[in-house]
Amino acid sequence: MSEPTNGAQTTSVLNPVGFPPKVNPKPMANRLDSLDGKTIYLVDPRFDDSGLFLRQVQDWFAEHMPSVKTKLVEMSSVYTKDDPKTWETIKANGDGAIIGVGH
Amino acid sequence: MHAIALDSKYGVPTVAIHTNVFEKAVQSVTRMHGMPQARYTFVPQPVMGKTAEQLKAYVNGKSPISGRPVMQEVVEGLTRPAEGDNLQDVKFERSTPRFVDSDSEENLHRLFLDNNWTDKLPIVLPTQKKVDEMLAHTSRKPDEIAGHMRSNQFRQHWEFTVEKVAVNAVMAGAKPEYFPVILALAASGVSARGSTTSSMAAMVVVNGPIRNEIGMNSGTGAMAPYNHANATIGRAYGLLSQNLQGGSIPGDSYMGSQGNGYAYGSVTFAENEERSPWTPFQVQHGFKASDSTVSIFTGCRSTAFTLGVREKYWREHVRNMLRGMDAHSAPTFLLDPIAARQYIDRGGFDTKEKLIQWVYENALMPAGEYWDYQLIQNYIYPRATFGEEPYASKLKAAPNEMVKMFKPDEIHVVVVGGETNGYWRIMGCNYQKTVSIDEWR
Chain A
73 MSEPTNGAQT TSVLNPVGFP PKVNPKPMAN RLDSLDGKTI YLVDPRFDDS
123 GLFLRQVQDW FAEHMPSVKT KLVEMSSVYT KDDPKTWETI KANGDGAIIG
173 VGH
Chain B
13 MHAIALDSKY GVPTVAIHTN VFEKAVQSVT RMHGMPQARY TFVPQPVMGK
63 TAEQLKAYVN GKSPISGRPV MQEVVEGLTR PAEGDNLQDV KFERSTPRFV
113 DSDSEENLHR LFLDNNWTDK LPIVLPTQKK VDEMLAHTSR KPDEIAGHMR
163 SNQFRQHWEF TVEKVAVNAV MAGAKPEYFP VILALAASGV SARGSTTSSM
213 AAMVVVNGPI RNEIGMNSGT GAMAPYNHAN ATIGRAYGLL SQNLQGGSIP
263 GDSYMGSQGN GYAYGSVTFA ENEERSPWTP FQVQHGFKAS DSTVSIFTGC
313 RSTAFTLGVR EKYWREHVRN MLRGMDAHSA PTFLLDPIAA RQYIDRGGFD
363 TKEKLIQWVY ENALMPAGEY WDYQLIQNYI YPRATFGEEP YASKLKAAPN
413 EMVKMFKPDE IHVVVVGGET NGYWRIMGCN YQKTVSIDEW R
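Chains as they are written, first to last, in this note's numbering: chain A, 73 to 175; chain B, 13 to 453.
Think of the hints as simulated: they come from the structure by calculation, not from any bench.
It should be emphasised that the depicted structure is a prediction, and the values quoted were computed from it without experimental measurement.
Cβ atoms here follow ideal geometry from the backbone N, Cα and C, with glycine treated the same way.
Be careful, since some hints might not be right.
Straight-line C-alpha distance at most 27 Å; calculated DSSO-like pairs for lysine-lysine [claimed, not checked]:
id, chain 1, residue 1, chain 2, residue 2
1, B, Lys445, A, Lys143
2, B, Lys416, B, Lys445
3, B, Lys74, A, Lys143
4, A, Lys153, B, Lys366
5, A, Lys94, B, Lys36
If we take Cβ atoms under 7 Å as the criterion, some of the chain B residues that face chain A in the derived model are [as the list claims (entries may be wrong)]:
id, residue
6, Ser114
7, Lys176
8, Met377
Across the chosen pairs, the derived CB separations fall in these ranges [stated by the list, open to error]:
id, chain 1, residue 1, chain 2, residue 2, range
9, A, Asp108, B, Ser405, 43 to 53 Å
10, B, Arg110, A, Ala134, 57 to 67 Å
11, B, Lys153, A, Lys94, 37 to 47 Å
12, A, Ala134, B, Asn32, 17 to 27 Å
13, B, Asn332, A, Arg103, 53 to 63 Å
14, B, His297, A, Ser139, 52 to 62 Å
All chains, full assembly: derive it from the sequences and hints.
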């Protein structure tokens, strides 16, 4: 303990928090000028009925933006795993993606 | 996180849709992954179990966070040009100071509480003197990197030194001689504060000579708050997990919907090797009986218990208990020595492995019921549909056909208790690893 000038006793203690990782900024993909005529993938992470939800998103596009082509795909395994095969498919054949719900 | 990868790594403009309870978690994860400008919107929680009409209403409705139409935010997220300027608000270089600002003890206790550095119970303030006393019980240097930890797969690892572990051990009230056990737990990289919505807790089993060297309890009341080493090692594991992985704050970095009382002490105990009729747990996992180890289980939530192993209907009783377990969390049998010996008498299980094989063959459920469990749908069904065994074969079973609920390597047996009676329980949990304590002495 030490005695500061105002007379109150103070204690010095160590900080219990670990060291955060260095965060590197990531670039975003260029956005689309318009969705007209574009192919948008709806990606189902297969978590808590997310596929049922995305079918409603698909219906919304069909009703409100019929020129948008949607493809509903499931991730190849559980949502906790990366899925480069699906991402490559979307990159090759799609213009944009919606992932939901979560993840 | 998948949306960030698809957007930044594969160059596909992507929008993620989350439920509103994940707002802070999404903000935190996107910042820590370097993409705070990621595009996302929110719908109400829950999605699970809702009808098509209810889900349609979500899609046609407004974000409960922004109040704007969900699909407007989706369309804008795909088409509105990226704005790079908001990156200037992000701190990409950070460090954690070694000390906090000196203050009165009362104010420091309040600071630790307000900063979510505690488990909301009083802590011991980590002065240099107390931290040094802790550090004296390891040969490792204070500034040595002891390990890395994170609260889930979607967050990045944080790093910590031996000294940082000592700080948390002091806070928990641990004696310095416990420190090698606590260091081994930290270095395992397994968090006792997973952020999962399922409210998991960890379980810690210590084996080998160190159990008696530091006075751990494997007998009467071993899993209860009656032993200083058991209690403070378990508490230290929780505190170090939350502080060394970057926090465990409800709604931000902890999403456990109900929470879990097991998390206070991480169910920390020693195996009763002296009274067990079987091989010690660490020997089953490649160590020698003379090695001191700590074994870590996560996902502790579901528990079943009973008294004794009855002569006439013991098989039915155990099957009933197994059927009542969460089908996604495998059973670990925690047996009082009396119950362990009864298992030998009733079933002839003279090794743990024989009992495990019996459990594997008798934990059965109709396939239709099994596959309909939400956790099985979330975590097993996707693996089955893409051919992963044994799940793919199980998926071929008719709805009424009985299928095995677990794999044999997921099932474990530990002997603990003081023989005041033959009570025993099944802990639904996932074995993670067994690590050496001796390496951290």
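Against the structure, the hints come out as follows:
Between Lys445 of chain B and Lys143 of chain A the alpha-carbon distance is near 41 Å, which puts this suggested pair outside the 27 Å criterion. Only pairs whose Cα atoms come within 27 Å are accepted, and Lys416 of chain B paired with Lys445 of chain B is accepted, the gap being roughly 24 Å. Under the criterion of a C-alpha separation no larger than 27 Å, the hint pairing Lys74 of chain B with Lys143 of chain A is consistent with the structure, at around 24 Å. Restraint check: the Cα-Cα separation between Lys153 of chain A and Lys366 of chain B comes to about 34 Å, which exceeds 27 Å; the hinted pair is violated.
For the hint pairing Lys94 of chain A with Lys36 of chain B, the CA-to-CA distance comes to about 20 Å; that is within 27 Å, so the pair holds. Restraint check, Ser114 of chain B versus chain A: the minimum CB separation of about 4 Å is within 7 Å; hint holds. Look at Lys176 of chain B: its Cβ gets to within about 6 Å of chain A, closer than 7 Å, so that hint holds up. The beta carbon of Met377 of chain B is not positioned within 7 Å of any beta carbon in chain A (closest approach about 20 Å), and the interface hint is therefore violated.
Taking the beta carbon of each, Asp108 of chain A and Ser405 of chain B are about 46 Å apart, inside 43 to 53 Å as hinted. Checked against the hint of 57 to 67 Å, the C-beta distance between Arg110 of chain B and Ala134 of chain A comes to roughly 59 Å, which is consistent with it. The given range of 37 to 47 Å is broken by Lys153 of chain B and Lys94 of chain A, whose C-beta atoms sit roughly 23 Å from each other. Separated by about 26 Å at the C-beta atoms, Ala134 of chain A and Asn32 of chain B satisfy the suggested range of 17 to 27 Å.
Here the CB-CB span from Asn332 of chain B to Arg103 of chain A is close to 57 Å, well matched to the stated 53 to 63 Å. Distance hint check: the CB atoms of His297 of chain B and Ser139 of chain A are about 59 Å apart, consistent with the given range 52 to 62 Å.
Violated hints for the displayed structure, listed by number in ascending order: 1, 4, 8 and 11.
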